[in-house]
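Asks: Chains as they are written, first to last, in the numbering used here: chain X, 1 to 256; chain V, 1 to 287; chain Y, 1 to 365.
Keep in mind the hints are simulated off the structure, nothing from the lab.
A hint or two may mislead.
Derived DMTMM-like pairs (lysine to aspartate or glutamate); straight-line CA-CA distance at most 20 Å [stated by the list, open to error]: (1) Y:Lys342 <-> Y:Asp315; (2) Y:Lys342 <-> Y:Glu308; (3) Y:Lys342 <-> Y:Asp324; (4) X:Lys175 <-> Y:Glu242; (5) Y:Lys313 <-> Y:Glu341; (6) V:Lys4 <-> X:Asp168; (7) V:Lys194 <-> V:Asp183; (8) X:Lys94 <-> V:Glu5; (9) Y:Lys297 <-> Y:Glu242; (10) Y:Lys299 <-> Y:Glu341; (11) V:Lys4 <-> X:Glu160; (12) X:Lys223 <-> X:Asp55; (13) X:Lys87 <-> V:Glu5; (14) V:Lys4 <-> Y:Glu31; (15) Y:Lys75 <-> X:Asp55; (16) Y:Lys168 <-> Y:Asp315; (17) X:Lys223 <-> V:Glu244; (18) X:Lys94 <-> X:Asp155; (19) Y:Lys55 <-> Y:Glu6; (20) Y:Lys55 <-> X:Asp55; (21) Y:Lys75 <-> X:Asp168; (22) Y:Lys58 <-> Y:Asp252; (23) Y:Lys55 <-> X:Glu160; (24) Y:Lys120 <-> Y:Glu108; (25) Y:Lys210 <-> Y:Glu54; (26) Y:Lys58 <-> Y:Glu6; (27) Y:Lys286 <-> Y:Asp357; (28) X:Lys175 <-> Y:Glu8; (29) Y:Lys286 <-> Y:Glu242; (30) X:Lys223 <-> V:Glu231; (31) Y:Lys3 <-> Y:Asp95; (32) Y:Lys210 <-> Y:Asp64; (33) Y:Lys120 <-> Y:Asp95; (34) X:Lys87 <-> Y:Asp252; (35) X:Lys175 <-> Y:Asp133; (36) Y:Lys227 <-> Y:Asp203; (37) Y:Lys270 <-> Y:Glu209; (38) X:Lys89 <-> V:Glu5.
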Amino acid sequence: MKRSRFPQIVTLLGLLFLYIPILMLVLTSFNESKYGGVWGGFSLIWYKKLFQNEDVWKALRNSLFIGVSATLASTVIGTLAALALTKYKGFLQKLHYGMIYVPLIMPDILMGISLLLFFVALSFPLGLTTIFIAHTTFCISYVTMVMLARLQQFDWALIEAAEDLGADTWQMFWKVMMPLLTPGLLAGALLAFTLSIDDFVITFFVSGPGSTTLPLFVYSSLKFGSPSIINALSVLVLLITFTVLWLSQRLTTEKP
Amino acid sequence: MKFKETALTFPSFGWLFLFFVIPTLMVFAFAFKPYDDFGGIEPGWTLNTLYEVLNPDFAVILWRTLWLSGITTAVCLAIGLPMAYVIARAHPRYKQSLLLLVVIPFWSSFLVRIFAWKALLHPEGFLKQALVALHIVQAETTLLYNAWAVLVVMIYTYLPFAILPIYSAAAKFNFQLLEAAYDLGASRWEAFVKVFMPGIQKGVFTALLMVFIPAIGAYVIPDVVGGTNGEMIGNKIAQFTFTERNLPLASSLSLFLAAIVLIPMSTIMILSGSGTSRLEATGVSKE
Amino acid sequence: MAKSLEFEGVSKPYGPVQAVNNVSFSVERGEFFSLLGPSGCGKTTLLRLVAGFEKPEKGRILLDGHDITQIPPNKRSVNTVFQNYALFPHLNLWDNIAFGLRIAHRPEDEVRQEVQRMLKLIQMEDQGHKLPDQISGGQKQRVAIARALINRPRILLLDEPLAALDLKLRQRMLLELDLIHDEVGITFLFVTHDQTEAMAVSDRIAVMEKGQVRQIGTPVELYEAPKSRFVATFIGDTNIFEGVVSEKISTDHIWLRIEGLPPIQCYNDKQLNVDDAVHLSVRPEKIHLMRDMPEEKPKHNRLPAIVEDVIYKGDHTNFWVRIDGHRVAIIQQHSRFLLDEKPIRWGDQVWIWWHADDGYMLERS
Chain X
1 MKRSRFPQIV TLLGLLFLYI PILMLVLTSF NESKYGGVWG GFSLIWYKKL FQNEDVWKAL
61 RNSLFIGVSA TLASTVIGTL AALALTKYKG FLQKLHYGMI YVPLIMPDIL MGISLLLFFV
121 ALSFPLGLTT IFIAHTTFCI SYVTMVMLAR LQQFDWALIE AAEDLGADTW QMFWKVMMPL
181 LTPGLLAGAL LAFTLSIDDF VITFFVSGPG STTLPLFVYS SLKFGSPSII NALSVLVLLI
241 TFTVLWLSQR LTTEKP
Chain V
1 MKFKETALTF PSFGWLFLFF VIPTLMVFAF AFKPYDDFGG IEPGWTLNTL YEVLNPDFAV
61 ILWRTLWLSG ITTAVCLAIG LPMAYVIARA HPRYKQSLLL LVVIPFWSSF LVRIFAWKAL
121 LHPEGFLKQA LVALHIVQAE TTLLYNAWAV LVVMIYTYLP FAILPIYSAA AKFNFQLLEA
181 AYDLGASRWE AFVKVFMPGI QKGVFTALLM VFIPAIGAYV IPDVVGGTNG EMIGNKIAQF
241 TFTERNLPLA SSLSLFLAAI VLIPMSTIMI LSGSGTSRLE ATGVSKE
Chain Y
1 MAKSLEFEGV SKPYGPVQAV NNVSFSVERG EFFSLLGPSG CGKTTLLRLV AGFEKPEKGR
61 ILLDGHDITQ IPPNKRSVNT VFQNYALFPH LNLWDNIAFG LRIAHRPEDE VRQEVQRMLK
121 LIQMEDQGHK LPDQISGGQK QRVAIARALI NRPRILLLDE PLAALDLKLR QRMLLELDLI
181 HDEVGITFLF VTHDQTEAMA VSDRIAVMEK GQVRQIGTPV ELYEAPKSRF VATFIGDTNI
241 FEGVVSEKIS TDHIWLRIEG LPPIQCYNDK QLNVDDAVHL SVRPEKIHLM RDMPEEKPKH
301 NRLPAIVEDV IYKGDHTNFW VRIDGHRVAI IQQHSRFLLD EKPIRWGDQV WIWWHADDGY
361 MLERS
């Protein structure tokens, strides 16, 4: 049969479409001129200004702090949830599953405003803590799903084998289950971390004065501040995210 | 394994109940509260706040939100389907790389990408100058700050959400069925429509929902590139929350949004048992 | 001396049915004992009851005279070779085999010695550093056996260990299993649905159906003297005729009246009387087929028949012949050079015969 070129053409155009803004961004970040339309010469000036900017560093610190803590919390909670869902069936788990699944398909803005109302009603001050809570909340769902998939592929005969060879519950958990779940845990943790670092909408709703994260900083610079450093920042963020995700890919394609 | 069910379930169940279920219920609660003009909330309950949402101004925004999301979904499916097909049919050596190519921009910071579009569409930007030079647009038209800008950026942002679920279904599709169809006399087009598409319909449906629902709730995109003529429900909710500090009204609007989203959402819940389809297309950017 | 393993009235339900239904028997020390039966017969459940992964609803299980029914699996001195081996993928072969000893906190010197001994037993001395996914199926099975045996269990449980291997490998591994059993000398409890496997290596076999033990015996006993129609047809193939005792010839022999056949002589080991109903089982290899009518001989049953199907298999041929309403299966070994003879074909008129002592009467059940 003659192969129609149509799908391939669409694919090529589609990929081009996906990459043009990114290429533009990279170019502009090295552009001397302030305005994107005019090429002022290759320069690292924006990168220099970026590093000199105090607010950027503060925002980065906040983002990392929240990222790490939310990742830890959500990985632990999410893994426990996945274990419960795999081990037990019944009404409780059905309810449990619903609670984990719905946040995944709900628009961010709904989650953002609901948490804001929650904190306002409790007169809880908005700040790093509320951001931490919010991030952990939506990360739990993702981690649980990753671990669920891993657990479905888990060979439970290995647990029986460990029991057969004399291991008690504690030994079985640490010597057999944990080592085998570690790649999955890392994948889940990496996912949670990337989601947290990059989150904007939900963070926007629950942040307070002095608790700026990187995405919030980017946003406000976009709207009100100097956009040129943001170009440089964006490229750096891209680079870091690529590296982190490349690592994640390596871990998930490795044999369990 | 001696883990007790309640002990294992409690951490996640408790956390999500406190920080997801209750806040969601709060949105319901606030929507029925009256507000005063100074950003305060009065005691008691009323249906007035809800009624306010139904005024004609909102109708414009609602309509715009619906048709923007609709067209975005349609275009994403139209581009995503052939792309997913190509990747699924690709030689194994290229398959991984192609997927990575699709996923990489998608997994980079979405704020950054939206910002990149803002720069691209800038009135003094490179693209505009090129288009003017090609006589496609006039010098005065702004590419930015209108519904069309929102549309383009939404399509850009949500395209991977469409490609990945369709690809996932296409990867499981048995392409020998197409050969069987040709063998029985079908043309390429007939085989595609009568055999391939029904075979991946679950993936297409997932893609539809995965684009439509986030699109309906979009906030950042219309906020950054939409201007006043590109406002969507998301903007309005944020506006009421931060600019006018009118939480009851924001809640009412949110309730409205939730209601619109509820229908496709409950469809997914009924259809997908294990929920891993969302995870396959899951990504960093949550918009 | 106490038996190695005893089941006393053991029952275990699975939903609405009894997976294991009031099973009682014992296994001798050092025996290679097999549990044989079709899927769903309860053999795996019984094995898991011994391992401790399931608890019986009723009854007791005794190991060397001690009641182990309530003891959890990690405290029983039995070890299991799992169907898909269940080797720990994150540990190399050495650590896999050493696992049980390390769990028991044995000193590392002892562990090293024992693991080396085991690797030698399974002939994989220099492969301890490898990971499970780097070795073949047959090697995995050997490592699984080593991992179990190193703990010196009183009984080794094997759950269809050859099921995941291809035919040729299965045959080789079966022999290796037999050799290891001879060397190590402990009781083996072997579960399989493959009767040739069971017959090849077992000292005794328990044939199970629907949760119950139908018969226990040596392979020869089960093959030649099955106690029921189920066992007769499950192990090997046979021809079954339903008949009635019509006359006693002597103390040992009787005439049977079978519909559609001339009177059949049979050895009367069950001491049946006239008019008793009976099932007669005659194995295909015990029946002879020839073109010309055989001479009449005492204690020989000869019958005319028409050939219905022929399958040539090189060293032997399977025939199916029809006599009235009966379809009789015959296996004929070719112990002489075949090409000189005219082949027997579909539709040919032939004669079949067998010796009266070669038929076996089954209990009618």
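Asks: Please work out if Lys55 of chain Y and Asp55 of chain X have their alpha carbons no farther apart than 20 Å.
Replies: 65 Å, violated
Asks: With the threshold set at 20 Å, check whether the alpha-carbon distance from Lys210 of chain Y to Asp64 of chain Y stays at or below it.
Replies: 27 Å, violated
Asks: Holds or violated: Lys87 of chain X with Glu5 of chain V, Cα cutoff 20 Å?
Replies: 8 Å, holds
Asks: Measure nothing beyond the straight line between the CA atoms of Lys3 of chain Y and Asp95 of chain Y; if it is 20 Å or shorter, mark the hint as holding.
Replies: With a Cα-Cα distance of about 33 Å, the restraint between Lys3 of chain Y and Asp95 of chain Y is violated, given a limit of 20 Å.
Asks: Quickly compare the C-alpha distance for Lys223 of chain X and Glu244 of chain V to 20 Å and report which way the hint goes.
Replies: At roughly 19 Å apart (the allowed maximum being 20 Å), Glu244 of chain V and Lys223 of chain X satisfy the hint.
Asks: Taking only the CA atoms, is the gap from Lys299 of chain Y to Glu341 of chain Y under or equal to 20 Å?
Replies: Distance of about 28 Å is beyond 20 Å: violated.
Asks: Going straight from one Cα to the other, do Lys175 of chain X and Glu242 of chain Y come out at no more than 20 Å?
Replies: 61 Å, violated
Asks: Going straight from one Cα to the other, do Lys175 of chain X and Glu8 of chain Y come out at no more than 20 Å?
Replies: 36 Å, violated
Asks: Take a quick look at whether Lys120 of chain Y and Asp95 of chain Y sit within 20 Å of each other, Cα to Cα.
Replies: 15 Å, holds
Asks: Does Asp324 of chain Y lie within 20 Å of Lys342 of chain Y when you go C-alpha to C-alpha?
Replies: The given pair, whose Cα atoms are some 26 Å apart, is violated under the 20 Å limit.
Asks: Compare the distance between the alpha carbons of Lys342 of chain Y and Asp315 of chain Y with 20 Å, and conclude whether the hinted pair is satisfied.
Replies: 16 Å, holds
Asks: Straight-line Cα separation of Lys94 of chain X and Asp155 of chain X no greater than 20 Å?
Replies: This hinted pair is violated, its Cα atoms lying about 23 Å apart.
Violation of the numbered hints given earlier is confined to hints 3, 4, 9, 10, 14, 15, 18, 20, 22, 28, 31, 32, 34, 37; the remaining hints are satisfied by the structure.
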